[in-house]
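Engineer: Chain by chain, the residues run as shown.
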Amino acid sequence: MFLARRDMVFARGRFTLITAVVLLITLLIGLLSGLTGGLAQQNISAIQSLERDRIVLAAETYDESQLTQDQVDAWEDAEAVAAVREIGILRFQIDPADDAAAGSGATDGEADSGSAGLSAAIMGGTEDSPQRDGQVRLSASAAEDLGVTDGDTVTVLGMNLTVNVLDEDRWYAHTPVAYVTGSDWQEMETRLGRDDSVATALAIDLTDSADQAELDELATQTSTTVNGTVDSLMAISSFRSEIGSLLLMVGMLFGISALVVGAFFTVWTMQRTGDVAVLKALGASTRSLLTDALGQSLTVLAIGVGGGILLTTGLGLSIAGVLPFVVSWYTTALPAALLIILGLAGAAFALRSVTKADALTALGSAR
Amino acid sequence: MLSLTNITLTFPDGDSRITAVDDATLEVAGGSVAGLTGPSGSGKSSLLAVASTLVKPDSGTVSIAGVVATGLNQKESAQLRRETIGIIFQQSNLVPSLTAREQLLVMGEMDGKRSRRAARQREADELLDVVGLGSHRDARPAALSGGQRQRVNIARALMGSPSVLIVDEPTSALDRARSEEIIELIVDLTRDRGTATLLVTHDMELMPRFDTTHQMVDGRLSLMPATAAVGAGV
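Going line by line, the protein sequences match chains A and B.
Be aware that the first sequence starts at 1, since it is given in my numbering, and climbs by one per residue.
Be aware that the second sequence starts at 1, since it is given in my numbering, and climbs by one per residue.
Note that these hints are calculated values from the structure, not bench results.
Take these hints with a grain of salt, some might be off.
Claimed, not checked - Here are the computed lysine-lysine pairs in the DSS-like style, where the Cα-Cα straight-line distance is at most 25 Å:
{"no.": "1", "chain 1": "A", "residue 1": "Lys356", "chain 2": "B", "residue 2": "Lys56"}
{"no.": "2", "chain 1": "B", "residue 1": "Lys75", "chain 2": "B", "residue 2": "Lys56"}
{"no.": "3", "chain 1": "A", "residue 1": "Lys356", "chain 2": "B", "residue 2": "Lys75"}
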C-alpha cells in the first residue's frame, strides 16, 4: 500500500470526508439494528425462552389461541410427541397490594391510567413459573415499575401473589411478563369467564422418530397449528407487523450504503485514472495497482465502520436502560461485516476503471 | 540496444484503417541518442508507443536489449518496461501525492521488491543528485518548478538502469534555457549509462546534439543527413 498510504495522507480532507460518511452510515445502521433488536426482544423474548421443538396454537395468533382439553389430549396422546407443557398467556393489570382496595377495573391488558398498576403478560405453566401457587415471578423491569421487590405482594384479578424478582427481563408483545403456576393461571382464566380455556399454547418435545407430515396431519385433525419456536414468533401480532417494516428499513440502508460508498470510490478512482495510466506505462502490473487501491478502500472501511460500531456500542449501552435497544453480535459485528463486504463490493465495482486505464494516454500532451 | 524492424501500425478509422507507422526500421545503439522529428500527426507518438511496448504493431519486430518484445503478452510487456525501458514523458506525469524521492521508488514498491529497498533508496538519492535535485528529495510536485518536475521525470526513467530510454518531447513545456539544460542532461546520462535513447522533439535546433536524426512524414521513417537536420524546418 505504498501509493495508497501516501495518497491518504496527501488528500486527508477527501479521505476524512469519505471515512466520516462511512462512519455515519454505520452508526445509522447500527442504531437501527440495535433498536430493531430491542423492539424484537420486547416482543418475543418470553416465547423464545420456551425452547421447545414445537409450539401448538389453536389460532393464527397467540392472542386468539385458546386450546380445549380435547385438543390438548390429542397432542399428548400423539406418538410423535415425547412431552407436552401447557402454556397459558393472558394480559391483565398487576397492582401492588396497597392499590388493591382502590380497584383496578382493567380488562385484558388495558391499564387503568389512574392506578399504580402495570399491564403485564401473565404466563402460566412455563419452566420459569414459580414452584408453588400463590407466587409470581416478575421481570426485573416489571418489579421496578411496580415498585416491588422479593417478598412483596401484588394482586391480579383479586388474587394475592408473593413476588419473586427475575434477574432478567422477559417480554411478550411489548408487555413485561409475570410468571405464575399453571393452576393459578387457570384460576385467572376462570375469573375472566373463560372456563373452557385449558391453555394458550402447547410447548412440545418430539420423539426421535417424529415425522413432520404426521405432525401436520394431527394439526389439521385438531384444528391447530404446529410450528418451531422461531416460526411461531410470527404468531405474535405486534412482532409480525413491526419486524417486516424494520428489516426492510435496515435492508434498504445496507443497499444505500453500498451505493454511497461505491459512488465515493468511483469518483475518487476516476480522479486517479491519469496516475494509474502513468504507472501502467512505467510497467506497474494491474494486479499491484488493484491491490493498492483495494487496500485503500479497506482502510477507509475499517476505520469508518470500526468507528461507527464503537459509537453504536457506546450509545447503545448508554440508552439500553431507557429505550428498547440490544447491543449484541447481531446488532454490531454482523452489520459491520456486511457493511465492509458491501463497501468492498462497491469499491471493486469502482476499480474497474483501474483495469481499464489505458497506459497509452500517458504519452502525449493530453492527460 | 533498441531495434525496430519493418514496423507497421494501423488504427481503425470508421470502416477503414489509418496507417500510423508504415514499414519503419530503426536501430539505436547503447550509449547513443537517436532524434526523431516530424510534423504533427506524422506517427512519431505511435512509433514511440511501439518502441515502449505499449502498443503491439500489426507487423514487424521490436527488440529491446536482445529480447523480442513483440511476442510478449501484456503482463510480460509490463515486466519488460519495469526492468528494461525508461520512459520520459512529454508532461512530467508525476503522482501528486509522492515526493521527488518517492516518485523514483514507487515502481519498486509496487513490484513488491522489499528486500532491495535500501539499495533502491540509495540509487534514488544518487539520481536526484545527478539531476540537480538532491536538496528537493522531499518536495512534492506542487512545490517544484516545471523544469524541476521534468528532472524528476528523467531521474524516474533512469531508476533501475534501463537499457532503453524512450523520450517523448521532453522540452515542449519549457523555455529555451531549460530546454537546453534538459537535453544536455539526457545526452550526458545516455553516454554515461550506455542506454539506447530514442528522443522525439519538434525543436530542430536540438538535432545536432544527437548521434542520428530521423524524420517521420505520413508514417514513413527516413534517416536525415546531419546537415539536413540542421537546416530543415518542420
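Engineer: Give a verdict on every hint.
Structural biologist: Right, here's what the structure says about each hint:
1. Proposed proximity of Lys356 (chain A) and Lys56 (chain B) is supported: the alpha carbons are some 17 Å apart, at most 25 Å.
2. About 13 Å separates the Cα atoms of Lys75 (chain B) and Lys56 (chain B), which keeps this hinted pair within 25 Å; it holds.
3. This hinted pair checks out: Lys356 (chain A) and Lys75 (chain B) have alpha carbons roughly 14 Å apart, not beyond 25 Å.
Hint violations for this structure: none, all hints satisfied.
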